[in-house]
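Place chain B on chain A using the hints.
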Amino acid sequence: MNGAEETKNVERWLRKLASEKVAASRAFKSRLVRVVREAVLRYRRRRWGIALRWATALVVLLGLIWLVYPRRTTVALLTVREGKATVHWQKRILFLFSYDGEEEVRHGGTISLSNGDHVVLSEDGAAVIAFQNGTVLELQPGTDLVLYQTARTMVTRIYLSAGELWAQVVHLLDASGRFEIQTPAAVVSVRGTVFRTRAQDTRSTYSATDEGTTEVTLLDAEQGNPAVEVPAGYEVEAVIGEPLVVRPQAPHIESLNLDGKETKLAEGETIASSSPDLSISGQTEPGVDVVLLFLLDGKEIDRAHVEADGTFTLAFHPPEEGDYALCLAAEDENGRRSDCVDFVFRYDRTPPTTLRLLEPTEPEVDRAQITLKGLTEAGAVLTLNGEPVPVADDGHFEVPLSLEPGANPLTLESCDAAGNCTRLAFTITRR
Amino acid sequence: MSVIVRQERPFWRRIFAFARDKVKEGKRANSSEVALMGRLAEGDPDAAEKFVADHADALYRFVYHQVGGVVQDAEDIVQETFLAAVRQAGRFRGQSRLRTWLFSIASHKVADHWRRQRRYAELPLLTEQQVADGGVTQEMSIEQMEMCQVVRQGLLHLPPHYRTALILRYVEGFSVAETARVMQRSVKSVESILVRARRKLAEVLRGVA
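Which chain is which? The protein sequence lines are A and B, in order.
Quick note: the first sequence, position 232, residue 232 per the working numbering, numbers continuous.
Quick note: the second sequence, position 79, residue 79 per the working numbering, numbers continuous.
Same shape as in the complex, but just chain A (with noise of 0.2 Å):
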């Protein structure tokens, strides 16, 4: 038998295998479909059970990333009001890991701010930081400062390497609480209280206390760590290697009465006046309980004491005229006393010397229009007719006039800073 013959053989024999009647029992049949929908049942939960492992696992890997994500809690907002600000972070990952960041913020932007977090304000830069409670720090140009607060132990801690803030610190209920500023030679801590801190450099910070009180401990351990309370209206310089001295704060003025004139005095000016009882009324800060001294040449010239409301007024006869530099400083009951207040008090009873008249030579003329040319002293006020006419620093001066047919009365005056004037009248003809 060949290979073909082989071959329809065995598909025949095949064929009959397939005519052959073959089924299934019944029973099998019921018992596979008995079976079959346990199983799909069985399924059914199974799936439901895996999908509940699944959200189960997902709702813990959900937590464990909470518990691992970094957040960082907010404790305080800056806004930059001039310049720019740059905002160092850090974020921490369990305890274990941190990746660090910086963001830049510009003028009228706001940024939250976190523990840890470190600020560096630009040279032409102001800012403010507010925190939750209430107490605000407004940061000088160029301030470099890392916040710091536990909510645990209420306690606030700046570190100010550089730069100058001004802080209004509400009253803080906690008896634990405190707010800390740590500059590197100093650290100042309060509770409840306006200030000032400047760190100056890394030897020497300044803070004037302008309401409550603040502590100020000065890092110099040669000292022992010396530290002193710094009362309103008090300073304190705290330079490592020195002593710890706390004066009154020099007079604020806020307005000044010359000769029944309102005024300014801004330290190193000069005023002048023409009368020899010199009586200056001020204002300083209300409620700041030290005595306002004038002094010539360090010697003590008159004092006042502050009124409640802040007003003082002091006196100075001076002998002759001529320039006295005077200092306006405040000593406490102590006799701790602040820096000066430096201006000069000019006594000048001398009117002008020089007013002359260079053009026109000739008191007729034929032109309606001239121009008028003078000479005066440098500095002084100048009025033709009691209009003002400007004068160049030289003193020399002209001005355009126009003359109406004939007599032309003009008169030109000119004064000093202290008041004395000198008058020149002449008339000048058109023909």
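Any given hint could be a false lead.
Below are the DSS-like pairs computed for lysine-lysine, each with C-alpha atoms no more than 25 Å apart in a straight line [as the list claims (entries may be wrong)]: (1) 29/A x 50/B; (2) 200/B x 188/B; (3) 188/B x 21/A; (4) 8/A x 188/B.
Think of the hints as simulated: they come from the structure by calculation, not from any bench.
Since the structure is predicted, the reported quantities are computational estimates derived from the model, not experimental observations.
For chain B alone, kept in the frame of chain A given last:
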């Protein structure tokens, strides 16, 4: 020296067979099959009855011939096949006909069965007495029943994939392409298997049938 000459079918017959295969193979499941598997995947127990009614007999026949007509083994394998199908119902995307998919699962189950039993390796050669012991059907003559049993026993002496290929192709009437899909082989490979399986079965049954 012997020369094996492969006898090719005439060209026109091959074209006809190819066209017939293409028509018959029905590559994809119809919508009712997909819907049925979808219901099973969603856990609808009522779908189980239709699933079994539609496919139990065909699967049983396929398995029955592969296990040498042992009813208990055939029922166990069919049940395992259905359970596996229910378990994987969610993965049935209708890329093939449902029957193809089920037969594919069943062929794996049969392979697992033989791997466990290793029966085919232990089987003795067929004897006249074994031929006389066969017969499970009622509407065939004794001679036919004997013949079927002999062929079934002969199939047991073939490697499993030979047996699967022969049963799918000649007993179940699958096309070559569909057989290839069930066996997860290429058409060429199945054609080759069929040639070798026929020759092997002829050798086994030589002198017996």
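Now the hints, each set against the structure:
Simply put, residue 29/A and residue 50/B have alpha-carbon atoms about 11 Å apart, close enough for the 25 Å limit, and the pair holds. At most 25 Å may separate the alpha-carbon atoms for a hinted pair to count; residue 200/B and residue 188/B meet this at roughly 18 Å. With a C-alpha separation of about 31 Å, the suggested pair residue 188/B and residue 21/A falls outside the 25 Å cut-off, and the hint is violated. For the suggested pair residue 8/A and residue 188/B, the alpha carbons sit about 20 Å apart, so the restraint of at most 25 Å is met.
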